[in-house]
Amino acid sequence: MGHMTYPIETLTMRPSRFHFSLSWLMAAVALVAIGLAGVGLFRENQARAEREPCRGKLRNLAMALKGYQSQWGAFPPGTVRGDRLVPERRLSWVILILNWTDYYQSISFLFDPDLPWDSETNILPQVQVSPPGEPRSVEPSTEPPWFPIRCPAHLSRVKPGMPEPLVYVGIAGLGTDAPNLPIGHPRAGIFGYNRQTRTADLKDGASSTMMLAETTAQVGPWTAGGPSSVRGLDPNRRPYLGRGRQFGGTHRGGAMIAMADGSVHFLRDSIAPSVFEAPSTVAGGESLPVGWDR
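In the numbering used here, the protein residues as written are 33 to 326.
Derived by calculation from the structure, the hints in this document are not laboratory data. Some hints here could point you the wrong way.
Computed Cβ-Cβ distance ranges for the label pairs, DEER-style [what the hints assert, rightly or not]:
1) Ala185 / Asp115: 35 to 45 angstroms
2) Ser55 / Glu318: 51 to 61 angstroms
3) Asp293 / Pro214: 50 to 60 angstroms
4) Pro192 / Pro321: 44 to 54 angstroms
5) Trp56 / Pro321: 38 to 48 angstroms
6) Ala185 / Pro321: 21 to 31 angstroms
7) Trp56 / Asp134: 23 to 33 angstroms
8) Leu156 / Pro85: 25 to 35 angstroms
9) Glu318 / Trp104: 37 to 47 angstroms
10) Asn131 / Pro85: 32 to 42 angstroms
11) Pro163 / Leu187: 32 to 42 angstroms
12) Glu166 / Pro305: 47 to 57 angstroms
Each residue gets a CB set at the ideal place from its N, CA and C atoms; glycine is no exception.
Use the sequences and the hints to build the structure in full.
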């Protein structure tokens with residue numbers, strides 16, 4: 033048998049084919065990476081767009097609180113005091129700031145603070161109508177008072193015959209006992225059942241003090257006092273944000289909060305518990321790290 037020889041072309045083509053295959057593979061990987069990055073960017077932009085209506089609603093509520101503060105020199109108390117009522121039976125702070133919202137410029141609900149929030153008088157309060165340039169009139173209610181300041185993405189249902197749920201709760205400070213702490217306590221926040229925070233009490237600064245946070249946990253009627261509208265952070269149930277947690281749960285990856293200066297921030301679920309706790313007090317002396325809200 034003679035000695036077999038191989039064409040030179042066969043031997044020289046193999047490296048080229050290998051090089052072509054490797055280049056194709058690298059290009060495919062790059063395209064996949066670009067595609068995944070594009071999908072991620074699309075989802076992030078979509079999530080951001082879905083959050084904007086919520087941001088607007090929360091900002092409206094925060095600015096109503098600022099309007100109340102500007103007129104009275106203090107934020108509203110966490111509950112409307114009824115002399116013989118426990119906080120959970122009282123009316124909430126929300127009824128005090130309605131006329132500073134964009135929705136109640138010419139009407140007022142005539143609540144009775146001496147009666148429980150779920151009394152017939154307060155479930156169906158009379159409505160005082162004050163059209164510009166016309167005399168006031170008082171009309172009866174045929175259904176519970178409407179409260180439009182609610183995140184559109186929130187899925188809680190309204191119970192028949194009851195006011196709508198409040199999804200933005202007032203922050204009382206650090207600890208489940210925070211709503212009952214006295215003014216000046218280092219763990220006290222803006223809202224308390226029996227206290228009213230003055231502008232001068234914001235020792236940590238308005239831009240560093242959390243006023244409101246959205247929640248899906250144990251939501252209650254917007255007119256109800258107690259935990260339905262005012263809450264302290266429970267440090268025994270960390271982390272604070274996310275589905276099934278104390279705050280957040282509506283938006284993918286984070287939650288909306290409002291500060292005492294009226295600014296609104298989106299906080300990631302992954303925020304360190306200690307960082308989330310820092311702005312919950314008005315005079316705790318904590319400082320927020322740079323980029324804390326990113």
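Practice problem: For the range 47 to 57 angstroms, tell me whether the beta carbons of glutamate 166 and proline 305 fit it or not. | Solution: Holds - the Cβ-Cβ distance for glutamate 166 and proline 305, about 53 angstroms, lies within 47 to 57 angstroms.
Self-check item: Verdict for tryptophan 56, aspartate 134 (Cβ pair) under range 23 to 33 angstroms
Solution: 58 angstroms, violated
Quiz prompt | Beta-carbon spacing of serine 55 to glutamate 318 - inside the hinted bounds 51 to 61 angstroms or not | solution = 55 angstroms, holds
Practice problem: For the range 21 to 31 angstroms, tell me whether the beta carbons of alanine 185 and proline 321 fit it or not. | Solution: Because 29 angstroms falls inside the window, the suggested range holds.
Quiz item: So does proline 192 sit 44 to 54 angstroms from proline 321, Cβ to Cβ?
Solution: Given range 44 to 54 angstroms: holds, Cβ gap about 46 angstroms.
Quiz item: Should the hint that alanine 185 and aspartate 115 are 35 to 45 angstroms apart at their CB atoms be regarded as holding?
Solution: This hint holds: roughly 39 angstroms between Cβ atoms.
Quiz item: Does the hinted range 32 to 42 angstroms hold for asparagine 131 and proline 85 at CB?
Solution: 23 angstroms, violated
Quiz item: Would you say the C-beta atoms of leucine 156 and proline 85 sit inside 25 to 35 angstroms of each other?
Solution: Given a distance of about 29 angstroms, which is inside 25 to 35 angstroms, the answer is holds.
Exercise. Take the C-beta atom of glutamate 318 and the C-beta atom of tryptophan 104, compute their distance, and say whether it sits inside 37 to 47 angstroms.
Key: 27 angstroms, violated
Practice problem: Starting from the range 50 to 60 angstroms, see whether the pair aspartate 293 and proline 214 falls in it by beta-carbon distance. | Solution: The hint (50 to 60 angstroms, Cβ to Cβ) is violated, given that aspartate 293 and proline 214 are roughly 24 angstroms apart.
Quiz prompt | tryptophan 56 paired with proline 321, Cβ distance criterion 38 to 48 angstroms | solution = 46 angstroms, holds
Self-check item: Status of the given 32 to 42 angstroms range, CB of leucine 187 versus CB of proline 163
Solution: For leucine 187 against proline 163, whose Cβ atoms are near 36 angstroms apart, the range 32 to 42 angstroms holds.
Hints 3, 7, 9, 10, counting from the list given before, are not met by this structure.
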